[in-house]
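Asker: Residues per chain are reported as follows:
Number of protein chains: 2
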Amino acid sequence: MLRKSPLGPEHFPNLLPVPGVEIGAAAAGLRYRGRPDLMLARLATGTAVAGVFTQSKMPAAPVEWCRQSLAASGGTARALVVNAGNANAFTGARGDKAAIATATATAKIVGCAPNEVMLASTGVIGEPLDVSAFPKYLKRINEGLSGAMWNEVATAITTTDTFPKGCSRIATIEGKTVVISGIAKGSGMIAPDMATMLGFIFTNAQISVGCLNEILKSATNASFNSTTVDGDTSTNDTVLAFATGKNANTTLIEDPNDIRLADFKIKFLEVAISLAQQIVRDGEGATKFVTVDVLGAESAQAAKTIGLSIANSPLVKTAIAGEDPNWGRIIMAVGKSGERADRDGLKLWIGDQLVAEKGVVSRKYSEEQAAVHMKGSEIGVRVDVGVGDGRATIWTCDLTHGYIDINADYRS
Amino acid sequence: MLRKSPLGPEHFPNLLPVPGVEIGAAAAGLRYRGRPDLMLARLATGTAVAGVFTQSKMPAAPVEWCRQSLAASGGTARALVVNAGNANAFTGARGDKAAIATATATAKIVGCAPNEVMLASTGVIGEPLDVSAFPKYLKRINEGLSGAMWNEVATAITTTDTFPKGCSRIATIEGKTVVISGIAKGSGMIAPDMATMLGFIFTNAQISVGCLNEILKSATNASFNSTTVDGDTSTNDTVLAFATGKNANTTLIEDPNDIRLADFKIKFLEVAISLAQQIVRDGEGATKFVTVDVLGAESAQAAKTIGLSIANSPLVKTAIAGEDPNWGRIIMAVGKSGERADRDGLKLWIGDQLVAEKGVVSRKYSEEQAAVHMKGSEIGVRVDVGVGDGRATIWTCDLTHGYIDINADYRS
Chain A
936 MLRKSPLGPE
946 HFPNLLPVPG
956 VEIGAAAAGL
966 RYRGRPDLML
976 ARLATGTAVA
986 GVFTQSKMPA
996 APVEWCRQSL
1006 AASGGTARAL
1016 VVNAGNANAF
1026 TGARGDKAAI
1036 ATATATAKIV
1046 GCAPNEVMLA
1056 STGVIGEPLD
1066 VSAFPKYLKR
1076 INEGLSGAMW
1086 NEVATAITTT
1096 DTFPKGCSRI
1106 ATIEGKTVVI
1116 SGIAKGSGMI
1126 APDMATMLGF
1136 IFTNAQISVG
1146 CLNEILKSAT
1156 NASFNSTTVD
1166 GDTSTNDTVL
1176 AFATGKNANT
1186 TLIEDPNDIR
1196 LADFKIKFLE
1206 VAISLAQQIV
1216 RDGEGATKFV
1226 TVDVLGAESA
1236 QAAKTIGLSI
1246 ANSPLVKTAI
1256 AGEDPNWGRI
1266 IMAVGKSGER
1276 ADRDGLKLWI
1286 GDQLVAEKGV
1296 VSRKYSEEQA
1306 AVHMKGSEIG
1316 VRVDVGVGDG
1326 RATIWTCDLT
1336 HGYIDINADY
1346 RS
Chain B
936 MLRKSPLGPE
946 HFPNLLPVPG
956 VEIGAAAAGL
966 RYRGRPDLML
976 ARLATGTAVA
986 GVFTQSKMPA
996 APVEWCRQSL
1006 AASGGTARAL
1016 VVNAGNANAF
1026 TGARGDKAAI
1036 ATATATAKIV
1046 GCAPNEVMLA
1056 STGVIGEPLD
1066 VSAFPKYLKR
1076 INEGLSGAMW
1086 NEVATAITTT
1096 DTFPKGCSRI
1106 ATIEGKTVVI
1116 SGIAKGSGMI
1126 APDMATMLGF
1136 IFTNAQISVG
1146 CLNEILKSAT
1156 NASFNSTTVD
1166 GDTSTNDTVL
1176 AFATGKNANT
1186 TLIEDPNDIR
1196 LADFKIKFLE
1206 VAISLAQQIV
1216 RDGEGATKFV
1226 TVDVLGAESA
1236 QAAKTIGLSI
1246 ANSPLVKTAI
1256 AGEDPNWGRI
1266 IMAVGKSGER
1276 ADRDGLKLWI
1286 GDQLVAEKGV
1296 VSRKYSEEQA
1306 AVHMKGSEIG
1316 VRVDVGVGDG
1326 RATIWTCDLT
1336 HGYIDINADY
1346 RS
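Those sequence lines, one after another, are chains A and B. Take the first sequence: its letters are residues 936 to 1347, numbered as in the working numbering. Take the second sequence: its letters are residues 936 to 1347, numbered as in the working numbering.
Don't read these hints as lab results, they were simulated from the structure. Just to be clear, a hint being listed does not mean it is correct.
Claimed, not checked - Quick list of in silico lysine-lysine cross-link-like pairs, DSSO-like style, CA-CA up to 30 Å: (1) B:LYS1071 - B:LYS1032; (2) B:LYS1032 - B:LYS1074; (3) A:LYS1299 - B:LYS992; (4) B:LYS1310 - B:LYS1299; (5) B:LYS1282 - A:LYS1032; (6) A:LYS1032 - B:LYS1299; (7) A:LYS1293 - B:LYS992; (8) A:LYS1282 - B:LYS992; (9) A:LYS1032 - B:LYS1293; (10) B:LYS939 - B:LYS1202; (11) B:LYS939 - A:LYS992; (12) A:LYS1074 - A:LYS1032; (13) A:LYS992 - A:LYS1152; (14) B:LYS1032 - A:LYS1282; (15) A:LYS1293 - B:LYS1032; (16) A:LYS992 - B:LYS1299; (17) B:LYS1043 - B:LYS1032; (18) A:LYS992 - B:LYS1202; (19) A:LYS1299 - A:LYS1282; (20) B:LYS1032 - A:LYS1299.
One chain only, chain A, in its complex shape (with noise of 0.2 Å):
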């Protein structure tokens, strides 16, 4: 792996297991050398799944495998197969047929339906992936799996990543515990509606299809959807969320707005904002993690339109990059971004301190003392535009020489 990111948490956290879940991982040669990248997980009978997908028009194979399979299984899952180091992505029959014999070869060792297994891929664009050493893998994997082994798989998904990502949370539900644990991999590529970003929540919480997809899309839209590196959305973006069941002493919920589900969308919340995050804090290059809070904008929709041209802005990211509190950038930026604001109206904060009002620059406003907010490793900017209730918080880093450096060089 590269170095890590200096935003990078010190240890990868203690995941805990997750009844009905059994993962492991190899080290399959596919790009890497000295590391595993190939993850599978063996997940119990009866198990939900829900995924969203990227928005690309130029889908990879696995991700039309998991549309496919989804609306053919009606949601279930008994595996999930990762590689990373090859995308499988714009290469054509070759690419489906490779996606088709992973998932046969998986339903064998498993004991289920071919529909039944979901695939992820991510790395390089365009170079055939061979698959045909898989099997022998995925067998030797299947014989060693644990509910322990998180730190290996989330290390096997990852390409570019400087670390693996995890997160755990413990949820109530019927006054019953049950287990979130998720692992994601993504570092550049990072855009809202699924950049090159795969994430994987599994718990045993004992709930429908219908209701783990709804759970699983408003927790997107409020964490993967709402950070971004650079703007691009890649072509095998992936967030499949499984639910087990197993163990869960409650009876089966089917309503998203259950009341009984209050604590768990929280908890299941709490890991998807972590990972997505995490993916942030390992953005390429990145030696800043900025919070951008836009508020006052027409609706919510609007608000996230600020702040994501905000976030995209390359002028913004190098100013932060640069400790420069150069907030004309940032009106620049709601300028641009084509939503309603009111000049005069506008309230701009850089950290604490309010940098604008009134269609001018503050009369209290102190660039020193903005400038030693600037220093620190964590940036807020909040931007009221006046003129209505809508909210949303966007996740971003700096852009940096880091970035240029990775993505000049290395064949992503």
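Using the hints, position chain B against chain A.
Answerer: Just chain B now, kept in the frame of chain A:
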């Protein structure tokens, strides 16, 4: 000025005087030392003017001034004043007053109504523009005006530009020749819808305001609005066209579709494209000039959206900087554009070489040969998305360490 872009011309072109246009510049010490930063153009009585402005919801005071004045005057102008170093943007009521004061003082000096004075500013956002010394400098410039000081005025409007930009053409209308001379500035914050970009095109053709408006709009769409450096849009973007009618020796032409304007429209577009391309060649940190041709799209607008998706992708731009024919990233950018494309009918060329077709890499593709093309400074990317007849061409540059250097350090 910063060290000249490697993509810049050897020297400033020999621009032709335009009958009815007198120009001059002065060093008003607004921000820069030892270089002109304030320009004045005095225009003959009866000069028609047309303008295209930023789509930003936070337009600068001079942009609002021009919009109001064009409406009030019905499209006549007698003067143009441009300053560099301060954008007079997000400066509240004080900024509006500065614009009015400048126009009023200029009107007095030139002898016209204030709303016949066009204004533009470029530079730092959010700092008050002190115009108290403008009357003194404008008077001095007015006394020394000439038809030939193009290099001086082209230099006076620059900020992070590394070279002044200009272009002249001679067009024939009814067998008589007219001159078209234009200048422009811009290098960062360049994107469609008029990023921090100023362009001023002067001609002595005798055409109506309505006619000039149509010709300017159409040319802007195929030139300035078909370029992108970093996807950012400024608060100040302005393109103005002036037609003096002086010594044109023709009758007034009022219909933009008049066949007599055929050659004029071509030459006008050539000037606009040349200026737009010069801006891209001066893209902050640019080392490669990139032409993105999109064909086979559902419509011209869809082709433009796809072209801009490719041209704005940081991953495509950094790959080009790294001289890496990483065509998978181009496919990614086509996919994320949201426009319809046929994965298996898509064809992609780098330079003259067919890279991908039928949903996979082309059999004849030689990465070595593509790498040779990438080493040049003029890069060609061509995509046929295989679903229709829509075409567009977009010009952009690569994303390098130079861009980060300029924008993380310079308060622009």
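Asker: If a hint holds in the structure, say so; if it doesn't, say that too.
Answerer: How the hints compare with the structure:
no. : hint                  : result
1   : B:LYS1071 - B:LYS1032 : holds (18 Å)
2   : B:LYS1032 - B:LYS1074 : holds (20 Å)
3   : A:LYS1299 - B:LYS992  : holds (25 Å)
4   : B:LYS1310 - B:LYS1299 : holds (20 Å)
5   : B:LYS1282 - A:LYS1032 : holds (22 Å)
6   : A:LYS1032 - B:LYS1299 : holds (23 Å)
7   : A:LYS1293 - B:LYS992  : holds (15 Å)
8   : A:LYS1282 - B:LYS992  : holds (15 Å)
9   : A:LYS1032 - B:LYS1293 : holds (15 Å)
10  : B:LYS939 - B:LYS1202  : holds (27 Å)
11  : B:LYS939 - A:LYS992   : violated (40 Å)
12  : A:LYS1074 - A:LYS1032 : holds (20 Å)
13  : A:LYS992 - A:LYS1152  : holds (20 Å)
14  : B:LYS1032 - A:LYS1282 : holds (22 Å)
15  : A:LYS1293 - B:LYS1032 : holds (15 Å)
16  : A:LYS992 - B:LYS1299  : holds (25 Å)
17  : B:LYS1043 - B:LYS1032 : holds (16 Å)
18  : A:LYS992 - B:LYS1202  : violated (39 Å)
19  : A:LYS1299 - A:LYS1282 : holds (13 Å)
20  : B:LYS1032 - A:LYS1299 : holds (23 Å)
Of the numbered hints listed earlier, those contradicted by the structure are 11 and 18.
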